[in-house]
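2 protein chains.
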Amino acid sequence: MPYELYYWDSIQGRGEFVRLTLEEAGADYIDVCRGPASKGQGISAMMAIMGGRSDADIPFAPPFLKDGDLIIPHVANILMYLGPTLGLAPKEEAQRHVLNGLQLTITDLVAEVHDTHHPIATSKYYEDQKEEAKARAAEFIGNRIPKYLGYFERVLQQNPQGPAHIFGGGLTYVDLSLFQVYEGLRYAFPRATAHFPDRYPHLSALHAAVMKRPNIARYLRSDRRIPFNENGIFRRYPELDRDMA
Amino acid sequence: MPYELYYWDSIQGRGEFVRLTLEEAGADYIDVCRGPASKGQGISAMMAIMGGRSDADIPFAPPFLKDGDLIIPHVANILMYLGPTLGLAPKEEAQRHVLNGLQLTITDLVAEVHDTHHPIATSKYYEDQKEEAKARAAEFIGNRIPKYLGYFERVLQQNPQGPAHIFGGGLTYVDLSLFQVYEGLRYAFPRATAHFPDRYPHLSALHAAVMKRPNIARYLRSDRRIPFNENGIFRRYPELDRDMA
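Protein chains in written order, with UniProt numbering: chain P, 1 to 245; chain W, 1 to 245.
The shape of chain P in the complex, shown without the other chains (with noise of 0.2 Å):
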């Protein structure tokens, strides 16, 4: 039975997470909310699912996976439960626990992209809350990418496997995750993020080889690969976007 990913149809978001270690792995899914509701799929699938009044495990939020009968949310997690079926993760349990560490960062640093132009209220649009956003958004720019960057680029550094993953020896999800966060942010801030191969010169190696994985290629060539855009995560707002010293 293939698994079922529930995420916004029009967005990469928090669910390309996902999307990209199911297509790494070459797994059997279905991306409900794009599909036909001729086929039971589509928006209104989720949140039958979300809205459900008498079953247990509801999703607070999407994406959430569905695995047979089991519902799993939150990025972290799906990514954590897939890991090692897919083989993107280590076997022993112990050490996925420091894999699932490094994949908290991420969504830490996701959230706060999203704050850099949702700063006050995710109800309102962002044109009600502009100059918030700028004044964090330089604060993001300034200090919160050198220091979420500074330190996988330092985890890298100090693998002992060597700095081509971000966790031993071999390619596990959290190495796709960071490929999505250099990507989005080279997407949302062009100006800020131009220095990264010269700053983080091991986290843009990184990127690069993932981009030119097979799967991950074929994939970002495909249709199923959403265009960034401003509905996202990641939004190109020029007016939140500046130079770095």
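A portion of the hints provided could be inaccurate.
Identical copies carry no separate label here, and so any pair may be met within one copy or between two of them.
[Said to hold, decoys possible] Taking lysine-lysine and the DSBU-like style, the derived pairs with C-alpha atoms no more than 30 Å apart in a straight line are: (1) Lys147 - Lys66; (2) Lys66 - Lys39; (3) Lys91 - Lys134; (4) Lys212 - Lys147; (5) Lys212 - Lys91; (6) Lys39 - Lys134; (7) Lys130 - Lys147.
If you are wondering where the hints come from, they were derived from the structure by calculation, not from laboratory data.
Mind docking chain W on chain P? Use the hints.
Okay, now just chain W, sitting in the frame of chain P:
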């Protein structure tokens, strides 16, 4: 060998979710930053690990747990790691991911609580972002608390084994975390949360039940429980509080 918890010594903060779990289980642990430098403890012991220039698995931020050589960062990850050993999580691995999904929703809620007093920049004082904090807190009180707590109330209500616990028929670490969230929100926003017992009866009953558990009650009376204060996540700033309609 006792567990070693690394977290700031003067606040409950995110570390408190781990402390509550260790305390409920009666686990042998050292709250390292609160220990004496003469024993190799204190803040500098934490900083030494975080600043390590050769180790793999360096954490991005506290809290993190040390279990022998293993370093596990992030609250939800620590609790998922500890849960089965301490008898506060299901034995079956797939069900542990369901539980982890609930904890990760708490993680998101806690990040939003933090941002009510720091909506623009963690690197700046609250006083320098007070106006934005008022706007964000109004959104949090008006929209986000009802969304999150309404969700948890519904999960309790729809628990097939009854509303006494958030998952299954026995205590899990997520119950303890919900106690802490409830307690923290009551502290930070006494006016906005005055209606909690009426609006969220199952959650209120869970909070009361956890508070009476012998190990928790003993802990809350001890000097190991740091009082809430305005350096933590849950801060009482009366200007951010308001009555709920």
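The hints, checked one at a time:
1. Taking the closest pair of Cα atoms, Lys147 and Lys66 come within 30 Å of each other only across two copies (23 Å); inside a single copy the shortest separation is 35 Å, beyond that limit.
2. Proximity of Lys66 to Lys39 under the C-alpha cut-off of 30 Å is restricted to the intra-copy arrangement: shortest distance 16 Å within a copy versus 49 Å between copies.
3. Taking CA atoms no more than 30 Å apart as the test, Lys91 paired with Lys134 passes in neither setting, with 44 Å inside one copy and 47 Å between copies.
4. Taking the shortest alpha-carbon separations for Lys212 and Lys147, only the intra-copy value of 27 Å comes in at or below 30 Å, while the best inter-copy value is 41 Å.
5. Only within a single protomer do Lys212 and Lys91 lie at most 30 Å apart by alpha-carbon distance; the minimum there is 26 Å, versus 40 Å between protomers.
6. In this homomeric assembly, Lys39 and Lys134 never come within 30 Å of each other (Cα to Cα): the closest approach is 44 Å inside a single copy and 46 Å across copies.
7. Taking identical chains as interchangeable, the C-alpha atoms of Lys130 and Lys147 lie at most 30 Å apart whether they share a chain (24 Å) or sit on different chains (24 Å).
When held up to the earlier numbered hints, the structure conflicts with 3, 6 and fits the remainder.
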